[in-house]
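> What follows is each chain in one-letter form.
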Amino acid sequence: MSPTDDGVHPQGSDAAGGDPLAPKAAPDDSVLLTARGIRKSFGDNEVLRSIDLEVRRGEVVVLIGPSGSGKTTVLRSLNGLETPDGGTITFAGGPALDFSGAIPKSGRFALRDRSAMVFQQHNLFPHMTVLQNVVEGPVRVQRVPKAQALAEASALLERVGLAEKRDAYPFELSGGQQQRVGIVRALALKPDLLLFDEPTSALDPELVGEVLSVIKELADEGWTMVVVTHELGFARQAADEVLFMDGGVVVERGAPGDIFTKPTEERTRRFLDRILRPLD
Amino acid sequence: MASGWQLFLESFWPIVWGGLSGTIPLALASFAIGLVIALAVALARISKNRVLSGIGRFYVSVIRGTPLLVQLFVIFYGLPAVGIVIDPWPSAIAAFSLNVGGYAAEIIRAAILSVPKGQWEAGYTIGMSHATALRRIILPQAARVSVPPLSNTFISLVKDTSLASLILVTELFRVAQEIAAFTQDFMLLYLEAALIYWLFCLVLSSGQNVLERRLDRYVAH
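First to last, the protein sequences are chains H and B.
For the first sequence, the positions run 37 to 316 when our numbering is used.
For the second sequence, the positions run 1024 to 1244 when our numbering is used.
There could be a bad hint or two in this list.
What the hints assert, rightly or not - Straight-line alpha carbon distances no greater than 27 angstroms define the calculated DSSO-like cross-link-like pairs of lysine-lysine that follow: (1) K141(H) x K1140(B); (2) K1071(B) x K1140(B); (3) K141(H) x K1071(B).
To be verified - Label pairs and their calculated CB-CB ranges: (4) A187(H) x V1233(B): 27 to 37 angstroms; (5) R72(H) x P1163(B): 14 to 24 angstroms; (6) L315(H) x R1080(B): 38 to 48 angstroms; (7) H1153(B) x A132(H): 50 to 60 angstroms; (8) L1234(B) x L312(H): 37 to 47 angstroms; (9) L1051(B) x T124(H): 34 to 44 angstroms; (10) S1070(B) x D309(H): 42 to 52 angstroms; (11) F1081(B) x R306(H): 22 to 32 angstroms; (12) G129(H) x P1163(B): 49 to 59 angstroms; (13) F1209(B) x A204(H): 54 to 64 angstroms; (14) S1076(B) x T124(H): 32 to 42 angstroms; (15) P314(H) x S1137(B): 29 to 39 angstroms.
Claimed, not checked - Stretch by stretch, here's where chain H covers chain B in the computed footprint (C-beta under 8 angstroms, at least three residues): (16) 1113-1121; (17) 1135-1144; (18) 1163-1174.
Worth flagging that the hints you see were computed from the coordinates, not collected in a lab.
All residues carry an ideal CB built from backbone N, CA and C; glycine is no exception.
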């Protein structure tokens, strides 16, 4: 029994025989996640000033913006790695977590039950093999029977082309391979929502493509995800909605076609210009 | 002095046996208990709870700021004055464990803090509690970092157990002392004791190398 088994997903955690990369529920356009008025300060530094975010099932939401704009903090708040000072986060079928009061530990765990995170620095466990990294969450936390977890992990590794690396330690892999394992580790938890925190920023340029194509493939298969990235090409091709953040607020949001070709805000235009035409 | 060589040979095994039956079990038991104390103190020191971290800091300060010999004498010769009488062996184990606990706590604390924060976060995001992340993710990595300094602590402890001879524990050095007192051949027997301590430590150092190689299998060389 998966901790995410809340009756919303008829398929539950039973992926036996199914496509290991397929998301739990087919996209049906209903709202999966709602965040309202998320605020966060670090000391005197107000990094988030009332962020609203809505993610529908099967949707790919991409957060772009300059460094320090708060996009990573938004993502980390969704996973309970940061505790906002105010605002609410609600997953479909779950209670609204109101951060203006004290959040019980169970609230934080509830967020983590629904989402899984892929880090910029992969954060694989160096003392475990690839396979051990992937099954650690399912076996130790979700109490999936070990044989089942191993079979599912092997199938996932196969899909991202890393079947023969299952017994390798993370240090024996390339950066791109490490990040693909990081993605598989997140997938193995069968989350409702995948969170990517600049998944290619730490990679050598020639390794970026292999990671982005895995993420794009997941998007095409209907996984719901929120992606923080500087890869505007990826945002353009994979996003359903793009949010441009600056100074702790969402300056502009819309379909990638609109944001990238006819941004309405001056700040968005300047940001895009800086990235797309750095020498001008 | 009929034959120094013959005395050396005749006393060699009794002294080695003193080491095997006294020094080594004393060191092993004290080290094992000391590590448990050290882990508790290290976690207390890292804790956000001010009282706990204060207690941890106080403990380390007292242990490191007072001589081991004095700690040993307080337990064995001092406590009977307040009605607590402890036999030589338990007294020695108590003193050495408490002492190792203070020194190893700092090693373990530093090792835990050396594990990158992202490792905690990765544990949390796959749903682990703080305690599970500590046990499954952090401590195994901290163990690798702390083996060389903890081996130092252990080897120091093996030699420090000679102090137990002063509270009537029969161990390597006490056996040598007793033979020396009988034969009056102090130079020979104390050098012999030194040699045997050294041999013990050589064996223990090679054990450290084996352990380090085993724990290093997951890092790039």
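> Each hint should be assessed against the structure and marked as holding or not.
We went through each hint and held it up to the structure:
{"no.": "1", "hint": "K141(H) x K1140(B)", "verdict": "holds (20 angstroms)"}
{"no.": "2", "hint": "K1071(B) x K1140(B)", "verdict": "holds (16 angstroms)"}
{"no.": "3", "hint": "K141(H) x K1071(B)", "verdict": "holds (16 angstroms)"}
{"no.": "4", "hint": "A187(H) x V1233(B): 27 to 37 angstroms", "verdict": "holds (35 angstroms)"}
{"no.": "5", "hint": "R72(H) x P1163(B): 14 to 24 angstroms", "verdict": "violated (40 angstroms)"}
{"no.": "6", "hint": "L315(H) x R1080(B): 38 to 48 angstroms", "verdict": "violated (56 angstroms)"}
{"no.": "7", "hint": "H1153(B) x A132(H): 50 to 60 angstroms", "verdict": "violated (25 angstroms)"}
{"no.": "8", "hint": "L1234(B) x L312(H): 37 to 47 angstroms", "verdict": "violated (54 angstroms)"}
{"no.": "9", "hint": "L1051(B) x T124(H): 34 to 44 angstroms", "verdict": "violated (56 angstroms)"}
{"no.": "10", "hint": "S1070(B) x D309(H): 42 to 52 angstroms", "verdict": "holds (50 angstroms)"}
{"no.": "11", "hint": "F1081(B) x R306(H): 22 to 32 angstroms", "verdict": "violated (56 angstroms)"}
{"no.": "12", "hint": "G129(H) x P1163(B): 49 to 59 angstroms", "verdict": "violated (36 angstroms)"}
{"no.": "13", "hint": "F1209(B) x A204(H): 54 to 64 angstroms", "verdict": "holds (60 angstroms)"}
{"no.": "14", "hint": "S1076(B) x T124(H): 32 to 42 angstroms", "verdict": "holds (34 angstroms)"}
{"no.": "15", "hint": "P314(H) x S1137(B): 29 to 39 angstroms", "verdict": "holds (38 angstroms)"}
{"no.": "16", "hint": "1113-1121", "verdict": "violated (count 0)"}
{"no.": "17", "hint": "1135-1144", "verdict": "holds (count 4)"}
{"no.": "18", "hint": "1163-1174", "verdict": "holds (count 3)"}
Checked against the numbered hints above, the structure breaks hints 5, 6, 7, 8, 9, 11, 12 and 16 and satisfies the rest.
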